[in-house]
Amino acid sequence: MSVLVYVEQADGKFKKSGFEAVSYAKAIADGQGTHLTAISIGNVGDSELKELGKYGASKVLNVSSDQLKNFVNQAYASVIVEAAAKENADIVILSNSFSGKGLAPRIAVKLKAGLVDGAVELPQTTDGKFTVKKNAFSGKAFAVTELTSVNKVIALNPNAFGTKESAGDATIENFTPEVKTTDLTAIVKEIVRATDKISLPDAELVVSAGRGLKAPENWGMIEELANLLGAATACSKPVSDAGWRPHSEHVGQTGIAISPNLYIAIGISGAIQHLAGVSSSKVIVVINKDPEAPFFKVADYGIVGDAFEVVPKLIEALKAHKG
Amino acid sequence: MKILVCISNVPDTTTKITFTNDNTQFNTSGVQFIVNPYDEIALSRAIELCEGGKGTVTAINVGDSSTDPTIRKALAIGADDAVRINAVPRDAYFTAYQIAEYAKTGDFDMILCGRESIDYNGAQVAAMVGEFLDIPSISIIKKLDYDETTATLEREIEGGKEVVSVTGKFIASCAEGVAEPKIPTMRGIMSARTKSLQVVEAVEIAEVAKVVKFETPAPRGAVKQVPAEEAAKLIDLLHTEAKVI
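Protein chains in written order, with my numbering: chain P, -13 to 309; chain A, 5 to 249.
To be clear, the hints were calculated from the coordinates, so they are not data collected in a lab. It is possible that part of the hints are untrue.
Claimed, not checked - So the derived list for chain A, only partly shown, Cβ under 10 Å to chain P, looks like this: (1) 168; (2) 221; (3) 233.
Note that the structure is predicted; figures quoted are calculated from it, not measured. All C-beta atoms in this analysis are idealised placements derived from N, C-alpha and C, irrespective of residue type, glycine included.
Next up, chain P with everything else stripped away, as it sits in the complex (with noise of 0.2 Å):
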């Protein structure tokens, strides 16, 4: 029995979200009385795999091999299963990415396993049961979810469980699975990614928008604001309907459900559906003219007043801030 831990890279560095499934992991490893090891696929170097150790994998498994260098979930599945067999492993953990959402079911079915997808707590076993609450209803619940298999695998929501360092080193060995080429018959054929944004599912903290900003090209004030928190943008859904910003940046019900420390909510009123993708973040400000907006209801922070004079204030305010 161990516990195995999937960390995601992306040219060559881990993600924050990578080092808190690590952490996650290894409290589990602890509950579990046994030890944590991390897999890596892609180039990674030595320096950057040590970092596991850090965060408490007590081995890495490095799979650098040019097959493997872009994400495929099919090879990817069948690599960390092979590492979970080598490793005796009975947990499999990984982040509920976009690229973990289609890796965790396939590993899954493989180990015949339940699964948890976007856990947001460390696992309960009491009873001889071993539960996992995770987000259900879009953020208007949560479903404490047994796993009864033997093999368990959990996806653990970003920024849910934070990271922690526990002192220890990690000893880093190569391995290199053999890889089946019908596990490759989907091909990457381009990766695009904006290297100067921050993206959506990871930040910390979040300035979002909606209708009441009037035109797309009230936008500037918004980045504005983000650039200067080193914060991500957001929109409501009318929003990205309308084709003021891209679908990627819609926030809700029916686009991505987030859970940063602080949600900046400008000119949106706060509709049920809308509510469901926010509502577990850490800490909510609503910006809006409507003292009557819903969106105050779930709020710490309320702001009543028009967005055109209050955000140049808090730009002014939070340059000050910074000196």
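Got chain P sorted already, so can you dock chain A onto it with the hints?
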């Protein structure tokens, strides 16, 4: 070309979510059920790809007879026929297994579904079906083009997109951008009544996961109002009180 589209029966997006039986069951009383909005996108794209007699679209749902109105809605939108696997879906593993077993009986070129269901927010079915059938699965796509043999898909990734090409059978889960959801026409609604809805018994499989209880989020404290003319104060509060910046 034959396309299979997976349809999930979910509570309408405006539903206020409550639970019964000591918080172990979703309270369906008074709840309107709809085609999962993402599945509607998948279905709409499938219909577009088959337009002009280029193929047929079969909708599949795993559910008891109470989901028939949702399946009829899918037929009204434009699916050619439908099949219901007669079982209450226990979890994604069970659902995916049923869909995969059915898919084996028909020679489908592609299987489409939504990126996730808006009730349990599982995004598991597509990749699980892919694994059961040992075919590629591409999750959370924003674009899908098909030229008889090869599909070109755009997949969402953190901060960008990835273009993937697949030759041969595959399954993909669709997000916004793949197609505009189609609205049923009067003719579609009329013809949906007579289209074939086949009922197939489920195949038993060992249980791997179950929901034991639901919880609702703890309510937030009262909102702290900052006067608009003192907006700068908000930055101080976020820094010193909330400690998030």
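**Report entry** Numbers of unmet hints, in rising order
**Finding:** Every hint satisfied by this model.
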